[in-house]
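As they're listed, the protein sequences go chains C and D.
This note's numbering puts the first sequence at residues 936 to 1233.
This note's numbering puts the second sequence at residues 936 to 1233.
Simulated from the structure, these hints should not be mistaken for laboratory data.
There may be inaccurate statements among the hints.
Heads up, the list lumps identical chains together, so a pair's fine if it works in one copy or across two of them.
What the hints assert, rightly or not - Listed next, the in silico SDA-like pairs over lysine to any residue satisfying Cα-Cα at most 25 Å (straight line):
1) LYS962 <-> ARG1227
2) LYS1154 <-> THR1141
3) LYS962 <-> SER1214
4) LYS1014 <-> VAL1143
Number of protein chains: 2
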Amino acid sequence: MREQMAALARRTQDQVSEAIEAIDGGKCREDSWEREGGGGGRTRVLQGGSVFEKAGVGVSVVHGTLNEAASRSMRANRKLPAGELSFYAAGVSMVLHPHNPMAPTMHANFRYFEVNNGEAWWFGGGADLTPSYLFEEDARHFHAAYKATCDRHDSTFYPKFKAWCDEYFFIAHRGERRGVGGIFFDDLDDRPSDELFAFVEESAATIVPAYFPILSARKDMPFTGAHKEWQQVRRGRYVEFNLVYDRGTTFGLRTNARIESVLMSLPLTARWEYDHQISAESEEYRLLSVLREPRAWA
Amino acid sequence: MREQMAALARRTQDQVSEAIEAIDGGKCREDSWEREGGGGGRTRVLQGGSVFEKAGVGVSVVHGTLNEAASRSMRANRKLPAGELSFYAAGVSMVLHPHNPMAPTMHANFRYFEVNNGEAWWFGGGADLTPSYLFEEDARHFHAAYKATCDRHDSTFYPKFKAWCDEYFFIAHRGERRGVGGIFFDDLDDRPSDELFAFVEESAATIVPAYFPILSARKDMPFTGAHKEWQQVRRGRYVEFNLVYDRGTTFGLRTNARIESVLMSLPLTARWEYDHQISAESEEYRLLSVLREPRAWA
């Protein structure tokens, strides 16, 4: 499973970075890094392109020993022996921020985690869409793609993982979600690992067909300075979610993780206006309504 | 003391907002708010001015009952009875972000806290400078102003509060401080409250002479797009500190505090480039060196 997941992570990075380069015309910059305790990663980023403000796809295959705090938090959820735990983690993670405020940001992440050489293991991941302006057909397309993938594996997956996504990407201090969601799952270990891997593999393969048709439809739409400003305000909320709530980010900031990989998800630019107000009946308000009360999209 | 501190907070807001308007030419927008549990505040913000990107000064005078979590954290440091605690807090808080990348950001905050009608009370606060480009004479001027104020009250204050400031404004995941510091203190209750109030009063009166001469000297300096970009990268670090580490901000996000007041400190705009590199011997590197290893300035 270790090799299968590492290969899937690299394959997914290839697929998505090819799609990024094809639609943008620019080239990703690739860099590799090594982790002191074991393993490393490969990052591809396209920044300041013609379509993307910033698009990053990172592969990470790391192993070693969990420190005391991390071991404790692992044991909280599972039956594991006392003392330090060894771990192995392989995954792919990406955030794509386009320039055009009509084109949504997309985030996806799929990972496999193993403790003490398989004494415990699980899959986690998901994919979600963050528009600045709401096009209902985009939300429906994205959710329908992931519902179809989920349904091919277990009909309980989509309703469960859609609700989990809405719950996870909640910016509590704003009373709103980061975006229109998608799917989110963690600690998945309730059936043979090859069955779960097949689901994760297909979920990863769904990224390109779920997102890029939306991006194609929106990337050249006309927009005003006011649209761009609202996008920048929404980028600020993205930063707030990632720095304050996102488990991967906050865990990465507290440990010795490679900081550039942890914060690759942040947008190139963001904006915080004091007491920013939007008028009722506006397009901005229409987005906020679905961020405040998530809707069924598929 | 309650009335004295509330009056000082309002007086300081007047002094600083007058200085903001005088140098900028624009007008602050004022708004008042009420806290459901008791008290309220008054905020003045100048956004998109000729000198300031965003400058906000807020007064807050609130009272009520601390919830279970807050009561517990108060009891951790002090001898206080079990059960819910009543509190009173009065303070003034400000962050001034100028446009010009040669002009530093300034933050200051002074507050008085009381638990159970005076069973415990303390002062907290400080003032610190965050340049994007290092002008040593600016750091020396700011520190000298606060050292003089400290020394008039207790010769141990400045060395203690300068070191505390360097320790507090540490962005651990970057291995650097937010800026060139100033003073920072908390839980100050080791002498009669009127003596401490006199120190806090003079510290608040030091804001204008410590900061505005620097701003006057820098606000019209020529700069390039590259200077502006570096300022925006530094603004990103400011956001990282405030959202991840700042006690007031993280506490405000977890409680029912008024979110616009909590996040007033964030810059209007910020930037996150993937793996941003600066060359050795550059002006940017010169700043980073003092953020990595704080220096004595007074």
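Outcome of the hint check:
1. In this assembly of identical chains, the alpha carbons of LYS962 and ARG1227 never lie at most 25 Å apart, being 37 Å within a copy and 34 Å across copies at closest.
2. For the homomeric pair LYS1154 and THR1141, the shortest alpha-carbon distance inside one copy (20 Å) is at most 25 Å, but the shortest distance between copies (51 Å) is not.
3. Taking the shortest Cα distances, LYS962 and SER1214 sit within 25 Å of each other only across copies (24 Å), while inside one copy they are farther apart (40 Å).
4. Taking the closest pair of Cα atoms, LYS1014 and VAL1143 never come within 25 Å of each other, the shortest separation being 37 Å inside a single copy and 59 Å across copies.
Checked against the numbered hints given earlier, this structure breaks hints 1 and 4; the rest are met.
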